[in-house]
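So the sequence lines, in the order shown, correspond to chains A and C.
When the letters of the first sequence are read in order and numbered with UniProt numbering, they come out as residues 1 to 413.
When the letters of the second sequence are read in order and numbered with UniProt numbering, they come out as residues 1 to 413.
Identical copies look the same in the list; a pair holds intra-copy or inter-copy alike.
Below, a list of computed lysine to any residue pairs in the SDA-like style, where the Cα atoms sit at most 25 Å apart: (1) Lys116 - Thr212; (2) Lys116 - Ala105; (3) Lys384 - Cys356; (4) Lys116 - Val188; (5) Lys98 - Val185; (6) Lys98 - Glu192; (7) Lys98 - Val121; (8) Lys98 - Gly43; (9) Lys98 - Glu146; (10) Lys116 - His40; (11) Lys116 - Ala104; (12) Lys384 - Pro361; (13) Lys98 - Ala13.
Because the hints were derived from the structure by calculation, they are not lab data.
There are 2 protein chains.
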Amino acid sequence: MSTAQENLPQQPAAVLAEISEAIGLQEGAAGVRAVVWAFHQVGAASTREVSRRTGLPVPIAAAIGNELRRRGLLGRERPSRLTEAGTALLGERGAPPKVEVACAACAGTEITIPAKLREAVSRLADIAAEGPGADLALDQSHCTPETKVRRVLALLRAGVLPGNSLLLVGDDDLISLAVGVVGEVLGVRLTERLAVADISPEILEFISERATSLGVPVEVAEHDLREPLPVRLRHSFDAAMTDPPYTAEGAKLFLSRVIEGLRPGPAHNVFLSFGAKAPTEMLDVQRAITDLGLVTHGLIRNFNEYEGSGILGGTGFLQHLLTTDATAPLFFEGYQGPLYTRDKRGRQRQYICVSCEALIPVGAGARWNAVAELQQAGCPNCGKGPFRPGRLVEPAASGSEDAGADRDARQHD
Amino acid sequence: MSTAQENLPQQPAAVLAEISEAIGLQEGAAGVRAVVWAFHQVGAASTREVSRRTGLPVPIAAAIGNELRRRGLLGRERPSRLTEAGTALLGERGAPPKVEVACAACAGTEITIPAKLREAVSRLADIAAEGPGADLALDQSHCTPETKVRRVLALLRAGVLPGNSLLLVGDDDLISLAVGVVGEVLGVRLTERLAVADISPEILEFISERATSLGVPVEVAEHDLREPLPVRLRHSFDAAMTDPPYTAEGAKLFLSRVIEGLRPGPAHNVFLSFGAKAPTEMLDVQRAITDLGLVTHGLIRNFNEYEGSGILGGTGFLQHLLTTDATAPLFFEGYQGPLYTRDKRGRQRQYICVSCEALIPVGAGARWNAVAELQQAGCPNCGKGPFRPGRLVEPAASGSEDAGADRDARQHD
Numbered sequence: 001m002s003t004a005q006e007n008l009p010q011q012p013a014a015v016l017a018e019i020s021e022a023i024g025l026q027e028g029a030a031g032v033r034a035v036v037w038a039f040h041q042v043g044a045a046s047t048r049e050v051s052r053r054t055g056l057p058v059p060i061a062a063a064i065g066n067e068l069r070r071r072g073l074l075g076r077e078r079p080s081r082l083t084e085a086g087t088a089l090l091g092e093r094g095a096p097p098k099v100e101v102a103c104a105a106c107a108g109t110e111i112t113i114p115a116k117l118r119e120a121v122s123r124l125a126d127i128a129a130e131g132p133g134a135d136l137a138l139d140q141s142h143c144t145p146e147t148k149v150r151r152v153l154a155l156l157r158a159g160v161l162p163g164n165s166l167l168l169v170g171d172d173d174l175i176s177l178a179v180g181v182v183g184e185v186l187g188v189r190l191t192e193r194l195a196v197a198d199i200s201p202e203i204l205e206f207i208s209e210r211a212t213s214l215g216v217p218v219e220v221a222e223h224d225l226r227e228p229l230p231v232r233l234r235h236s237f238d239a240a241m242t243d244p245p246y247t248a249e250g251a252k253l254f255l256s257r258v259i260e261g262l263r264p265g266p267a268h269n270v271f272l273s274f275g276a277k278a279p280t281e282m283l284d285v286q287r288a289i290t291d292l293g294l295v296t297h298g299l300i301r302n303f304n305e306y307e308g309s310g311i312l313g314g315t316g317f318l319q320h321l322l323t324t325d326a327t328a329p330l331f332f333e334g335y336q337g338p339l340y341t342r343d344k345r346g347r348q349r350q351y352i353c354v355s356c357e358a359l360i361p362v363g364a365g366a367r368w369n370a371v372a373e374l375q376q377a378g379c380p381n382c383g384k385g386p387f388r389p390g391r392l393v394e395p396a397a398s399g400s401e402d403a404g405a406d407r408d409a410r411q412h413d
Numbered sequence: 001m002s003t004a005q006e007n008l009p010q011q012p013a014a015v016l017a018e019i020s021e022a023i024g025l026q027e028g029a030a031g032v033r034a035v036v037w038a039f040h041q042v043g044a045a046s047t048r049e050v051s052r053r054t055g056l057p058v059p060i061a062a063a064i065g066n067e068l069r070r071r072g073l074l075g076r077e078r079p080s081r082l083t084e085a086g087t088a089l090l091g092e093r094g095a096p097p098k099v100e101v102a103c104a105a106c107a108g109t110e111i112t113i114p115a116k117l118r119e120a121v122s123r124l125a126d127i128a129a130e131g132p133g134a135d136l137a138l139d140q141s142h143c144t145p146e147t148k149v150r151r152v153l154a155l156l157r158a159g160v161l162p163g164n165s166l167l168l169v170g171d172d173d174l175i176s177l178a179v180g181v182v183g184e185v186l187g188v189r190l191t192e193r194l195a196v197a198d199i200s201p202e203i204l205e206f207i208s209e210r211a212t213s214l215g216v217p218v219e220v221a222e223h224d225l226r227e228p229l230p231v232r233l234r235h236s237f238d239a240a241m242t243d244p245p246y247t248a249e250g251a252k253l254f255l256s257r258v259i260e261g262l263r264p265g266p267a268h269n270v271f272l273s274f275g276a277k278a279p280t281e282m283l284d285v286q287r288a289i290t291d292l293g294l295v296t297h298g299l300i301r302n303f304n305e306y307e308g309s310g311i312l313g314g315t316g317f318l319q320h321l322l323t324t325d326a327t328a329p330l331f332f333e334g335y336q337g338p339l340y341t342r343d344k345r346g347r348q349r350q351y352i353c354v355s356c357e358a359l360i361p362v363g364a365g366a367r368w369n370a371v372a373e374l375q376q377a378g379c380p381n382c383g384k385g386p387f388r389p390g391r392l393v394e395p396a397a398s399g400s401e402d403a404g405a406d407r408d409a410r411q412h413d
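Chain A extracted, bound-state conformation:
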């Protein structure tokens, strides 16, 4: 059977494992299979949709798509469909059934925006367009106006609003203004006290100005969250919301500041927005959460949608946490360690310009720290783009061992 067998198709398991190895995927063959399954469910799927469905970051989903295409398992048209050989990866007996199980009404986010709040969405889109841009060096990218409203609705659903006090630890997403706009549209003041601590004077100035014209007082504190909260914000709030840098250190630090701001005691609500990472990296984040004495009360994948198209656009989850009797901050003093993605990035990844096929390194020591910066600048060779992720390049001399740092292309504050 030796020569004849060479012409037979490879076993699905072997193909999936091979692709997983080619891109060093932590999820292994199961992760590749999940991508194939997502393409099968959708029919013709964009990389972004595959990312949503699998929970894999957009650049990883794109890399898997490229490997499938190279092997003739996925079509080259965009959005792409599985070829017959690609569908065969899912089983020997032909295509399995398509069953759309995520709720179509809320896209699996548990929350729908009521008709009377569509106005709030469009007003927040206008406000965001006039506000400060995202600071890539601070891992920022902005969530969509729908996401802003959904976050306010999550606070209403939990009973945090109306009527309680709310602290926003970092607010480049302008959630304070979303609380104001939603309250105005509903005809009720939603918070007893609403405060924002943020490092950026531009963001705080913008929030103060707009909040005043909305008639919703927002207390702003210009503050580097590496330092403990100002005394006037400590031990005072019923609930808090944060969208920290997407590193375990970022989560631990920002949640420590959240806890400093909350009234002592159990059952206070905390909402954490965060981006998908490989399971082993997520373990550090979730250990940080339990180390802080916080418990998970809900976790909604793909709840947060961020601006930007293609590889830059992405989604993140909303984790609903509760304080317990054991809740305490982990950082009391000023924090000096790594915080943003670029502080931790140790490897470069080559990106391929779709227009001219140039290979451009991105990461520590390269001209661009993040693909977002490269996208903004355009290709150094032809001036255009967009860019597809290519191979990982050897660790830089600084030698971080953070194997998953390349997942952080669309990280933000």
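Let chain A serve as the given structure and place chain C on it in line with the hints.
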């Protein structure tokens, strides 16, 4: 202002705190406020609906309702509405707006049952009616047929099905048969290998019989999960599902067995069903999860609905976990410690018979270990029921310090 003030209504904050203290509520005034908010949102709400919305166990929601009624803040009609004084607890400016934010299509469970699977629900209802009853001593109560189908859909959504191997660690909920029925209705075999480990020969016999008539092979292993898995089930499965006893020890033990059964490596899917507990108790459960090297990929509240009406009926969450590089079981040897709720229960609670007002103690050292048993037996005084939760009684001589054990009235396997 001394005498005049005595006739003024109490401040909302003081009332909420007083009620919280009266029942020793770990959630404090915020928990009571959440119950008031839930009544306000629904209009006329059953205790079960309030439990769903607040995440508080049914007996706790019932106790808070009783305290509100005693103070004239909640009506005595069932289902109950807030009185004017009750509504005033939510703010001084009258009733805040009602905003229905949980998705109406999926009730916030992220998953809807497609029309073509309604048949699977009714077939599973018939199967469950013919199957073994719930064993209260093993903390069992059965999930509804809709929940069985939703659990299979959660496996489909994650891409675990179709095509992979699945291990069920405990299966008194007959999820193995749900996999078979859903597959039959869809016209596809959903699993490559499907196995159940359970302590009950009756359940396994029932599963084997029905699986054979469905044409879906289910491998059954009669096994006490205190002991390591049989060798033939170890390191073999792509995914697993479990609904363990609702104690931190139960979660840790059953998840250890899950991990023994999974193929080594990261990104394997594990689905854990569990019941609401107070935040500080949940911290033990979630620490167990991170200690096992598992990460939370999703957590859907109220996903699981259990059979039984009134105080016995309840809901639980579905937690989607992933393995990581650090995943390892915590128990390798046979486990000898406490496991089921009654092993840990140290206090008794008085239940009040609604028919004859008799006070009946329930808990360790009492005639009934759990209110479910009392409900089955009927009131020892008048033979009827139903029962409302009353006061906690002093710790029994055995002296467990488990302050939240009284929350476990509807625990199950």
